[in-house]
Amino acid sequence: MVTLTDIKDASPRWLKDVGDTLTRSYGRRTAAARPVPDFLIIGTKRGGTTSLFNYLLMHPGVLGLFPQIRGRKSTDYFFKEYHRGEGWYRSHFHTDSYRRLVARSAGHRPVSGEASPYYQWDPRIAERVRATAPDVRAIALLRNPVDRAWSHHQERAANGVEPLGFEAALAAEEDRLAGELDAMLEDPAYYSAAYDFYSYRSRGLYLPQIQNWHASFPEGQLLVLRSEDMYSDVQGTFDTVCDFLGLPRFALPSTKPFNAITRSRIPPNARKELEDFYIRPNQDLADYLGRPLLWT
Amino acid sequence: MGKGASGRIITGRGDSPLDSLVEQLWREPVATGSVRIVLDPEPDTDWEDAEDYWVVPSAARPTILIPRGHPAVTAAALLSYRGLRPVRVRAARTLLGVPSRFGLPPAPHRLVVQRRTGAASGAFPLPLEELQACLNREHLYAAIGIRLGDNRKPTLQLFSPAGVPAGYAKLAWDDASQEAISTEAAALAEVGGGTGPTRAPRLLGTGSWQGRPYLITEPLPGKVRGVRGRIPMPTPQEMFALCPVERVDSLSSTLQFTALTKRLEVLGATGDGEVARAAGTLASLLSERNARVPVTARWHGDLVPWNTAREPDGQLWCWDWESSDADAAAGLDALHWTISVRRESAGIPAADSLDAALAEAAPFLRAAGAPPSSWADIAAVYALVVAERAWALALRNGGWSASRTSRSQTLDLLAKAAGLLSGPGAPPPPRS
Chain E
1192 MVTLTDIKDA SPRWLKDVGD TLTRSYGRRT AAARPVPDFL IIGTKRGGTT SLFNYLLMHP
1252 GVLGLFPQIR GRKSTDYFFK EYHRGEGWYR SHFHTDSYRR LVARSAGHRP VSGEASPYYQ
1312 WDPRIAERVR ATAPDVRAIA LLRNPVDRAW SHHQERAANG VEPLGFEAAL AAEEDRLAGE
1372 LDAMLEDPAY YSAAYDFYSY RSRGLYLPQI QNWHASFPEG QLLVLRSEDM YSDVQGTFDT
1432 VCDFLGLPRF ALPSTKPFNA ITRSRIPPNA RKELEDFYIR PNQDLADYLG RPLLWT
Chain U
7 MGKGASGRII TGRGDSPLDS LVEQLWREPV ATGSVRIVLD PEPDTDWEDA EDYWVVPSAA
67 RPTILIPRGH PAVTAAALLS YRGLRPVRVR AARTLLGVPS RFGLPPAPHR LVVQRRTGAA
127 SGAFPLPLEE LQACLNREHL YAAIGIRLGD NRKPTLQLFS PAGVPAGYAK LAWDDASQEA
187 ISTEAAALAE VGGGTGPTRA PRLLGTGSWQ GRPYLITEPL PGKVRGVRGR IPMPTPQEMF
247 ALCPVERVDS LSSTLQFTAL TKRLEVLGAT GDGEVARAAG TLASLLSERN ARVPVTARWH
307 GDLVPWNTAR EPDGQLWCWD WESSDADAAA GLDALHWTIS VRRESAGIPA ADSLDAALAE
367 AAPFLRAAGA PPSSWADIAA VYALVVAERA WALALRNGGW SASRTSRSQT LDLLAKAAGL
427 LSGPGAPPPP RS
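Listed in order, the protein sequences are those of chains E and U. My numbering numbers the first residue of the first sequence as 1192 and each following residue consecutively. My numbering numbers the first residue of the second sequence as 7 and each following residue consecutively.
Check the hints yourself; a few may be wrong.
Unchecked claim - A few chain E residues that don't get close to chain U, going by computed Cβ distances all over 10 Å:
1) Ser1265
2) Thr1286
3) Glu1353
4) Ser1455
5) Glu1466
What the hints assert, rightly or not - Under 7 Å between C-beta atoms, here's a sample of chain U residues computed to sit facing chain E:
6) Arg231
7) Gly235
8) Gln243
9) Pro377
Don't read these hints as lab results, they were simulated from the structure. Only a predicted model underlies this, so the values are computations on that prediction, with no experimental measurement involved. Idealized CB from N, CA, C, for every residue including glycine.
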């Protein structure tokens, strides 16, 4: 059977663009009837955010971004699109009336949200989220920062923006990011591709990112999970997320990973260097969260 | 050129474009008296045809010689690599090439290379015979580009008798082209073609002709399209694929900067004190700052849209490595690309686009690991490159009139770059 998604995929670019313009225009006109998101998956990059978002979409009580046929997981609103205003942001979420319709079949009010691993990393974003969606519940998936850095590098290399090998990229990170955070703090509209692309090592320093989120939201509105726990027990982690979001638990029909990169071996010297680098930060993170060391 | 041109012998001593080509390509065989180049020859029992070409589009304003005799070869020479040509040229080549498949002539005039009857070919080899021998091929045909600019040299797109591209040859004919071809051959030998995000045509052979070097590279894939319009420019990864960052070091440690400053010193001794002083001041500033920069194995030297193309699957190719230098500060190619595009598309001189070009090149500089405090230094090195190339050309031509970068533009660029390094707001150099 031909589905709407099949038709969308087979459509030419111009038709998709026309469709996007029309639906966005409709969404903006009805923005007042569209609530802000209930949840955000805020990170970490290469930590399983795409997988978790897709698992959530399997839940009958979770709505994707409007229009759902586009299959997007993020609006990029809080960093690239902030200038478009809250109406534009709300246009990405389903209307109250649609939610009431879904609630009748689901038996509870459905929730909606988005996933962007940049939200956790950019220190300006938590406060922006609080101003827009003060009741939002955020989920942070934290992956062993050594494996995260390697996976991040592989992704950037596959994406055509990374000319350096992993070890050279780690060595160059300070120079590549020089001045970028200052520029971001000085210019609220500035999006730094370098801060996003080349932050292999620094992005694994999770504690300041969690503390930054906690500076804008109470502890109960942030769920911190280990990516490795989700990889080894998708259903168990999903149940935890459902509990956090106030959703009834749901047996996932599939636990296949999304957006995974073929596994490869991190160069041993780089692994050792990074493992040593993260010993103290990982301990500080565990102390802050009141948990055993997350990665040994 | 009308019927009166029939049988005209092109000696290579006239001012016409065909004379220029004869001087570049056939000077020595013609000088022996056993070879002659004739426009629309009449039958002559004393002379035998060795090579036969259509002069396209006309004998008065020729841009290319297209091999005659085999419709498949003629058509291939006109129709191959149309994706690299501007729209107007592409359309013209199609109009001429498709009928030529059926034997229709693509031009009114022929240029024929003739050998005196009875003269042995081995005694007075022709350049095409030399290239065939180099490639160990029985018979090849050539489409020969006719260049009149400062960088002119014979370029031959080689085809098999079936019309399949067999290689691309460049032959040196003077000191400047000799240096360019030697540089390109060395760079291509080092690069080795590549297998990653960016590829260069592999070197198929080198040799000497008329006492000057030549090189032959493998043909580009047939379906390549020039990097213009919707064909995207290189990504940072592609930009550095054949010119990888090898170390981080002081600018003065790079061979490219050392050789550049030496060449400028030599030029300075030839006169034009004002340019010499401006270049010397900038070189001194750079040496004093001696910034820490990422250093690439080489830079391409002329990475521009018209020297790059993509296959339908996106694979990037780049050619024309005549201006390459080994061991160079990273980012020079990115600056050259952005400044060249601005000059070609909007006529903006380098000095006026240096700031904007730096901003456009920033993603590439960051990708290479160059800290922002070193960007002015890299831009200043590039300014010296532009100045040295323009100055050397002016000296060769006996004046600046033919230079793409004028003397005043050169001085402006040098002053602008010096301002980046020493003016208010200039960053302290990154140190090793």
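Structure-based check of all given hints:
no.	hint	in the structure
1	Ser1265	holds (22 Å)
2	Thr1286	holds (38 Å)
3	Glu1353	violated (6 Å)
4	Ser1455	holds (16 Å)
5	Glu1466	holds (23 Å)
6	Arg231	violated (18 Å)
7	Gly235	violated (15 Å)
8	Gln243	holds (5 Å)
9	Pro377	holds (4 Å)
In this structure, the earlier hints numbered 3, 6 and 7 are contradicted, and the remaining ones agree with it.
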